[in-house]
Amino acid sequence: MFFLQREPLEPATLNRPDAGGYVSFVGRVRNQHVGKAVVGLDYEAFESMASAEGEKVIAEAVERFGVLEARCVHRIGSLSVGDAAIVIEVAAGHRREAFRACEFIIDEVKRRVPIWKRERYADGVEEWVHAWSAAPEALTEEAYYQAQTRLPEVGLEGQNRLRRARVLVIGAGGLGCPAITYLASCGVGTIMVADHDVLEGDNLHRQPLFRVADIGRMKADLAAEAIAALNPYVRAESYTVRFDASNAERLITGCDLVLDCSDNLATKDAANAACVALGVPLVVAGIHRMEGWVLSVDPKSDGGCLRCLWPAASEGTKSCAEVGVLGFVPGVLGVLMATEAVKRLVAWGDTLGRRLWLVDLLRMEAQDIRRAGDPACPVCSVPSSLGSSEPIALKWGDPLLEESGWMLVDLRKEPSQPFPLDWPAGALEEATPGARYLVLCDRGIASVDAVRKARRRGVRAWSLEHGEVGLRRGLSK
Amino acid sequence: MANTVHLQYFAILREQRGTDHETLTTEAADLRELYEALSAEHGFTLASHQVRPAVNEVVADWNDTIKDGDHIVFLPPVAGG
Numbered sequence: 001m002f003f004l005q006r007e008p009l010e011p012a013t014l015n016r017p018d019a020g021g022y023v024s025f026v027g028r029v030r031n032q033h034v035g036k037a038v039v040g041l042d043y044e045a046f047e048s049m050a051s052a053e054g055e056k057v058i059a060e061a062v063e064r065f066g067v068l069e070a071r072c073v074h075r076i077g078s079l080s081v082g083d084a085a086i087v088i089e090v091a092a093g094h095r096r097e098a099f100r101a102c103e104f105i106i107d108e109v110k111r112r113v114p115i116w117k118r119e120r121y122a123d124g125v126e127e128w129v130h131a132w133s134a135a136p137e138a139l140t141e142e143a144y145y146q147a148q149t150r151l152p153e154v155g156l157e158g159q160n161r162l163r164r165a166r167v168l169v170i171g172a173g174g175l176g177c178p179a180i181t182y183l184a185s186c187g188v189g190t191i192m193v194a195d196h197d198v199l200e201g202d203n204l205h206r207q208p209l210f211r212v213a214d215i216g217r218m219k220a221d222l223a224a225e226a227i228a229a230l231n232p233y234v235r236a237e238s239y240t241v242r243f244d245a246s247n248a249e250r251l252i253t254g255c256d257l258v259l260d261c262s263d264n265l266a267t268k269d270a271a272n273a274a275c276v277a278l279g280v281p282l283v284v285a286g287i288h289r290m291e292g293w294v295l296s297v298d299p300k301s302d303g304g305c306l307r308c309l310w311p312a313a314s315e316g317t318k319s320c321a322e323v324g325v326l327g328f329v330p331g332v333l334g335v336l337m338a339t340e341a342v343k344r345l346v347a348w349g350d351t352l353g354r355r356l357w358l359v360d361l362l363r364m365e366a367q368d369i370r371r372a373g374d375p376a377c378p379v380c381s382v383p384s385s386l387g388s389s390e391p392i393a394l395k396w397g398d399p400l401l402e403e404s405g406w407m408l409v410d411l412r413k414e415p416s417q418p419f420p421l422d423w424p425a426g427a428l429e430e431a432t433p434g435a436r437y438l439v440l441c442d443r444g445i446a447s448v449d450a451v452r453k454a455r456r457r458g459v460r461a462w463s464l465e466h467g468e469v470g471l472r473r474g475l476s477k
Numbered sequence: 478m479a480n481t482v483h484l485q486y487f488a489i490l491r492e493q494r495g496t497d498h499e500t501l502t503t504e505a506a507d508l509r510e511l512y513e514a515l516s517a518e519h520g521f522t523l524a525s526h527q528v529r530p531a532v533n534e535v536v537a538d539w540n541d542t543i544k545d546g547d548h549i550v551f552l553p554p555v556a557g558g
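Here the protein sequences line up with chains D and V, keeping their order. All the letters of the first sequence, read from the start, carry residue numbers 1 to 477 under our numbering. All the letters of the second sequence, read from the start, carry residue numbers 478 to 558 under our numbering.
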């Protein structure tokens with residue numbers, strides 16, 4: 001819930017029996033701004049659009065971080081020093097997502113919601129505050145990118161695509177550092193960095209985003225700071241967690257692309273499975289001594305996934321730190337990952353769709369290997385009576401849903417939106433031949449798994465895209 | 478082709494325009510052209526790259542064409558929170 005209020009704000013308290021973590025933030029009017037004494041300020045809003053945009057921010061925070069409830073009240077009108085300008089409250093199952101969601105809401109409100117502030121100074125002067133960018137005056141966004149927008153294939157349209165993109169980078173190490181550098185400098189609008197490690201001295205030779213003085217600090221936070229210092233026109237979000245199946249959905253939902261820059265195949269497997277289930281493209285690379293490989297997994301094509309190539313990948317491999325590595329090897333591969341990512345986002349040129357690219361830096365040779373999906377792959381294949389071209393998930397509103405003979409398999413744990421159609425309930429385990437089954441879960445992930453398994457047994461099943469979230473969105477249209 | 482559009486102004490642009498809304502007929506082909514024309518006429522201090530256009534309460538692109546009856550707002554850099 002987001003709203004604007006003319007009256008003084010009261011730090012209300014969300015209190016729910018199911019919330020173990022509760023975070024609130026109060027932004028107040030400060031008595032100075034860049035050295036000038038402030039006596040008060042006025043907030044003005046484009047009220048209808050501000051309310052709509054604010055609600056969007058809240059909805060995104062709830063969906064992205066999986067919190068139970070969030071609210072934000074923004075004051076408008078005349079305020080004095082010490083008055084509360086904004087109050088944000090988040091209730092969540094656990095503290096971590098509550099903190100993240102709260103920070104996300106204040107950052108996004110400041111960035112997106114059409115509210116303006118005029119400060120009144122002690123010397124009688126009043127001024128509109130345009131604190132939107134840390135860039136020096138001459139370094140406008142246009143100026144920052146002018147050398148790349150001059151390429152007609154990028155242009156302003158390509159630059160806008162990059163600006164709108166949200167990319168998750170898993171691992172801020174040897175591959176992550178160069179990949180992050182070029183994603184940020186090219187202008188990928190939101191870069192999420194997930195890394196659970198602190199910087200160690202022996203990382204520096206292959207992780208040039210960091211400095212000696214940074215040793216001991218969280219790499220995700222350091223990477224976010226480096227991104228902000230490199231390009232004031234992109235946003236960085238740091239997630240100091242080890243990426244795995246338990247947080248994959250929360251991190252990946254809403255992303256346009258994922259780069260797996262981790263140093264182990266267990267993480268790559270988890271990223272691969274989650275990206276296939278969520279339909280988000282993945283760019284992934286690995287290195288061994290002086291060689292490396294890079295590939296793209298596109299869940300919407302039939303090029304297969306990482307598991308098709310290496311069925312038991314996570315067994316018995318060693319990290320590059322254990323084997324030994326020269327810093328520029330992950331450097332080359334990380335830059336190739338950024339190349340693939342930016343080309344995909346801009347939609348320029350040939351991408352690695354159905355190819356595995358192998359680079360040997362000792363012989364200075366590259367090999368381009370065609371690959372195809374494994375029809376028996378437990379992660380991405382759909383062997384069934386429906387044929388592999390039949391989409392797994394249907395959007396709410398798909399014409400197929402208007403036909404007769406449907407049954408509903410409701411896997412939701414906490415349904416809050418009643419299913420609007422009068423369909424009989426069914427179970428995939430006891431499927432009736434000829435019937436169609438729509439599987440509905442909370443977010444459309446468990447349902448994809450269930451549909452794959454059911455289709456292998458010949459059941460005609462589909463998942464509802466994005467589960468209840470997709471249903472609610474579809475109904476509000 | 479001339480289109481009649483409704484403009485609403487906020488914050489610094491409202492002050493520089495001297496009104497919070499107006500309806501006018503314009504020959505401008507796209508939003509950038511309209512902003513540049515208004516800017517030249519009223520002496521707006523914000524360049525177009527510092528401003529975001531919104532049409533019918535949705536953020537728009539500077540190259541979007543203008544349609545008759547559009548409700549247009551040029552959003553100065555926001556500063557909430």
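It is worth saying that the hints were derived from the structure and are not from the lab. Please note: incorrect hints may appear among the correct ones.
[To be verified] Output of the computed footprint for chain V on chain D, the stretches with three or more beta carbons under 8 angstroms from beta carbons of chain V:
id	stretch
1	335-347
2	369-377
[What the hints assert, rightly or not] Sample of chain V residues facing chain D (criterion: CB under 8 angstroms; computed from the structure):
id	residue
3	Phe487
4	Ala488
5	Ile489
6	Ala514
7	Ala517
8	His526
9	Val528
10	Val532
11	Glu534
12	Ala537
13	Gly546
14	Val555
15	Gly558
Computed from a prediction, not measured in an experiment: that's the story for all the values here. Yeah, the Cβ is synthetic: ideal placement off N, Cα and C, and Gly gets one too.
Evaluation of the provided hints:
Counting residues of the stretch 335-347 of chain D whose C-beta sits closer than 8 angstroms to any C-beta of chain V gives 0, which falls short of three, so the coverage hint is violated. Counting residues of the stretch 369-377 of chain D whose CB lies closer than 8 angstroms to any CB of chain V gives 0, which falls below the minimum of 3, so the coverage claim is violated. A distance limit of 8 angstroms between C-beta atoms decides the matter here; for Phe487/V the minimum to chain D is near 5 angstroms, and the interface restraint holds. For Ala488/V, the suggested interface contact is upheld, since its CB lies about 4 angstroms from the closest CB of chain D, less than 8 angstroms.
Proximity of Ile489/V to chain D holds as hinted, the smallest CB-CB distance being about 4 angstroms (cut-off 8 angstroms). Because the closest C-beta pair between Ala514/V and chain D is about 20 angstroms apart, greater than 8 angstroms, the hint is violated. Hint status for Ala517/V relative to chain D: violated, with the closest Cβ pair at about 19 angstroms, above 8 angstroms. The restraint placing His526/V at the interface with chain D holds, with a minimum CB-CB distance near 5 angstroms, inside the 8 angstroms limit.
A hinted interface residue such as Val528/V counts as satisfied when its beta carbon comes closer than 8 angstroms to some beta carbon of chain D; here the least separation is about 10 angstroms, so the hint is violated. With a least beta-carbon distance of about 11 angstroms to chain D, the hint placing Val532/V at the interface is violated under the 8 angstroms criterion. For the restraint placing Glu534/V at the interface with chain D, the shortest Cβ-Cβ distance is roughly 5 angstroms, inside the 8 angstroms limit, so the hint holds. The closest approach between the C-beta of Ala537/V and any C-beta of chain D is roughly 12 angstroms, which is over the 8 angstroms cut-off, so the hint fails.
A hinted interface residue such as Gly546/V counts as satisfied when its beta carbon comes closer than 8 angstroms to some beta carbon of chain D; here the least separation is about 17 angstroms, so the hint is violated. Satisfaction of the interface hint for Val555/V is found here, the shortest Cβ-Cβ separation to chain D being roughly 6 angstroms, below the 8 angstroms cut-off. For the restraint placing Gly558/V at the interface with chain D, the shortest Cβ-Cβ distance is roughly 4 angstroms, inside the 8 angstroms limit, so the hint holds.
In summary, the numbered hints that this structure violates are 1, 2, 6, 7, 9, 10, 12, 13.
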